[in-house]
Amino acid sequence: MKRWIPSFSIHLEGAAESGFDTILYFPVLPGGSIVEEAVDVYFTRRGAHKERSFQFSTRFPFGFVERREMITARHEILVYPCLDAQPGFESLLVSVTGEIQALQRGRGNDFYRIRPYEAMESARHVDWKATAHTRDLQVREYAREQEESVLIYLDLDIPFGAEDWFESAIECASFLAYQFSLGQTRVRLKTQEFDVTLPEPGDIYTILKYLALVSPMRGKPPEGPDETGSFQVVFSAHPGRMSALGWGAGDGTGARLLGPEAWTDIPVVNR
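If you want this note's numbering, it's the position in the sequence shown, counting the first as 1, plus 12.
No lab work stands behind these hints, which were simulated from the structure alone. Quick caveat, the model's predicted, so the values are computed rather than measured. Treat each hint with caution, since some may be false.
[Stated by the list, open to error] Below, computed lysine-lysine pairings styled on DSS-like, alpha-carbon distance capped at 30 angstroms: (1) Lys221 / Lys14; (2) Lys221 / Lys62; (3) Lys221 / Lys232; (4) Lys62 / Lys14.
Work out the full structure, taking the sequences as your base and the hints as a guide.
Given below as structure tokens:
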């Protein structure tokens, strides 16, 4: 904010809640200018962080006395759940992906039409009877297979004492949603208060923003499934109740009902 007088020998460090544990040193800050430095910032929990304190200090010009100034930044930072694979997450992703692909292969293809052969197409779809009749290569064209679809349900009605498991379930739901969004799988995230499907009308950041801010809703039980055809991944502290409501009972769709015992060995880690 100085128009032309520079500042010398400035140290910048963050308070404990700032997530910024690096001490930066600026030999000189020219007057009327802005200096930027990229740093890694770590937060111990997901959610909105609104106030963070930083300290500027300098011993210029003689080094005998240190002058300090505390500054509080009040702009909001939204911290998403950790997207790194925790123990058990990748094996769950692999098993769900494999089962979805197996179910898709099992449905087969629906015949759509016969059309002329195009260069570089596989010969396994050639219809020899139609080819003999027309004397030109003809192929069978099939309707597009039903797209892969995953429904992730996060039950917010958790008992007291299950908060650590709830945080792990949020991280796993975030990890699965993000990984599936990288492919061509349609992903739907649903809770007692939230329901969005990507790629339309929402996107992965709509889901991650919600999971960054979600909190338990004790006393509000979940509802039963309202669709068929999607692979269901259900996180609930009451898997028996979810099964009784019809979750995991879809015909030929596949499901995982994951309760607290599924995450006994999965720790909650700092982001």
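query = Which numbered hints does this structure break?
reply = 1
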